[in-house]
Amino acid sequence: MKFLDDDALDHLRKVIDEPELSGTKYELVKPLGRGGMGSVYAVQDRELDREVALKVTTDTEISARLQQEARVLAKLEHPGIVPVHDFGTLPDGRSYYCMKLVRGERLDRWAERNDLRAALRLFQRICEAVAVAFAHAHGVVHRDLKPENVMVGEFGEALVMDWGIATDIGAPEKAVLGTPLYMAPEQARGEASDARTDVHGLGAILYFLLAARPPYSTIEAPPDPLPRSAPPALASICLKALARDPRERYATAVELAEDVARWLDAEPVSAHRESLLERVGRFASRHRVVLSLLGAYLILRLVLALVP
Amino acid sequence: MEALIAAYWKPVYKHVRLKWNKSRDDAQDLTQGFFALAIEKSFFDGYDPEKARFRTFVRLCLDRFVANEEESRRRLKRGGGIDPLPLDFEAAETELSHCSGSPEEAFDREWQRSLFTLAIEALRAQCAQDKRFLAFERYDLGDRETRPSYAELAAELDVPVTTITNHLAWARRELRRLVLEQLAAISADENDYRSEAQRLFGV
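Chains as they are written, first to last, in this note's numbering: chain A, 25 to 332; chain B, 30 to 232.
Chain A with its partners taken away, still in its complex shape (with noise of 0.2 Å):
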């Protein structure tokens, strides 16, 4: 056989992986992107006229569990959450679902250019909807929270997305699936997830948004430590979401998020008790502008009393 040169590898790599859309609605726009069950589309809906995303399994084995995350995200309905509009086979005989597509960028880049209270507020969002999907969706678990799994939309809403690996509250493990680098302990054992697993997973989110990285190295170690400048309340916010014990976490991710609010609020959070100095830093933060005042008035009436 003719060598396969690399010009030819790359369109072979390239064409074999395109959905096969004839005589379906849509027509392919352009690739956005690739997870672990398979790739996601921008297609153009011909009969709708409108550009939607559509995620294709990698082969026909996995339509079950694309069937499932589409599932799960069917019945999910929360602005943080991708809308499904359906779910089918292709000519190819690989599964697909259609979703909203959502314009913006992923969580690790966003964050590279906006500050951390910015960051934070978009966090609380998301814990917003994990926590719906557990609290109003009879017990869904993501198990796969990550920076790349977060996007923030063009108005500046936070979309958790692929829920690829979630389950319903107790369900038998079948095997470990997750990203080792942002794993729950109990998920790398493959024991069975809840609500905390998802707060680890938040608690992750919160560590890269405070350290730029993950916080694994490797998955039998505590977290690596962060870097001094995240600010210490914080930082115990962050590290109670990871504990090792599921039972020493937030028991969910409202409970975390609320600590976060405090700390946006500059009110002691319950994760973090904090010394003199901090306190009275705190305490100044949240009365600056009285202390301003304050510190004005004091300085007229000096001025006042040195002018004879």
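Note that these hints are calculated values from the structure, not bench results.
A few of these clues could be false.
Stated by the list, open to error - Label pairs and their computed distance ranges (CB to CB):
no., chain 1, residue 1, chain 2, residue 2, range
1, A, Leu52, B, Asn50, 41 to 47 Å
2, B, Glu99, A, Arg237, 36 to 42 Å
3, A, Ala212, B, Ser131, 28 to 34 Å
4, B, Asp159, A, Leu72, 36 to 42 Å
5, A, Lys26, B, Ser131, 24 to 30 Å
6, B, Ser224, A, Leu140, 28 to 34 Å
7, B, Ser224, A, Leu72, 33 to 39 Å
Said to hold, decoys possible - Lysine-lysine pairs mimicking DSBU-like chemistry, simulated, CA-CA at most 35 Å apart:
no., chain 1, residue 1, chain 2, residue 2
8, A, Lys124, A, Lys49
9, A, Lys38, B, Lys70
10, B, Lys160, A, Lys54
11, A, Lys264, B, Lys80
12, A, Lys38, B, Lys48
13, B, Lys160, A, Lys38
14, A, Lys124, A, Lys54
15, B, Lys160, A, Lys26
16, A, Lys49, B, Lys160
17, B, Lys160, A, Lys99
Don't be surprised by glycine CBs; every beta carbon is placed ideally from N, CA and C.
Since the structure of chain A is provided, determine the placement of chain B on it from the hints.
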């Protein structure tokens, strides 16, 4: 093991030539020796999916094997009593000039090339005289500069243009299935297969 050797022997040979700078004869001996020892000692059974991808594990085993051979200055063919594998080293040698990048990148690239080449061969065996394969061969395997348009190819094969679309769709679907079949045969486990499939497709 047969599928594994078929997919890996060229990457292994070229890696020994490029990274270890071995002569043709030495590289052939080392390639034969590496697989003979792998069969004899079953050392691929020691793969731990938590430490690396299987493909990386094979390359590390190979590097350790060549280093050991160098150290002991033994260039004797290993695996006494085992016949050399029928590997076409001449073909591999002529392809060496196409290798670029670091030895590790070249190894990965050769691994991809091997998988696709084996799948194309399987597809050819399945339907060599079929117009579906002829359309695929002319369009997808030809040089980019001389690639015909669908209309030109339709005229050449004397079929409607829509048939070319269908032929190419069929051949690509089959090739995809065959590549995944090859990959499944040489993957250590389900996770290894999934992560390699993710890297194998799309450019």
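Here's how the hints hold up against the structure:
no. : hint                             : verdict
1   : A/Leu52 to B/Asn50: 41 to 47 Å   : holds, 45 Å
2   : B/Glu99 to A/Arg237: 36 to 42 Å  : holds, 38 Å
3   : A/Ala212 to B/Ser131: 28 to 34 Å : holds, 31 Å
4   : B/Asp159 to A/Leu72: 36 to 42 Å  : holds, 38 Å
5   : A/Lys26 to B/Ser131: 24 to 30 Å  : holds, 26 Å
6   : B/Ser224 to A/Leu140: 28 to 34 Å : holds, 33 Å
7   : B/Ser224 to A/Leu72: 33 to 39 Å  : holds, 35 Å
8   : A/Lys124 to A/Lys49              : holds, 15 Å
9   : A/Lys38 to B/Lys70               : violated, 38 Å
10  : B/Lys160 to A/Lys54              : holds, 29 Å
11  : A/Lys264 to B/Lys80              : holds, 28 Å
12  : A/Lys38 to B/Lys48               : holds, 29 Å
13  : B/Lys160 to A/Lys38              : holds, 22 Å
14  : A/Lys124 to A/Lys54              : holds, 15 Å
15  : B/Lys160 to A/Lys26              : holds, 19 Å
16  : A/Lys49 to B/Lys160              : holds, 28 Å
17  : B/Lys160 to A/Lys99              : violated, 47 Å
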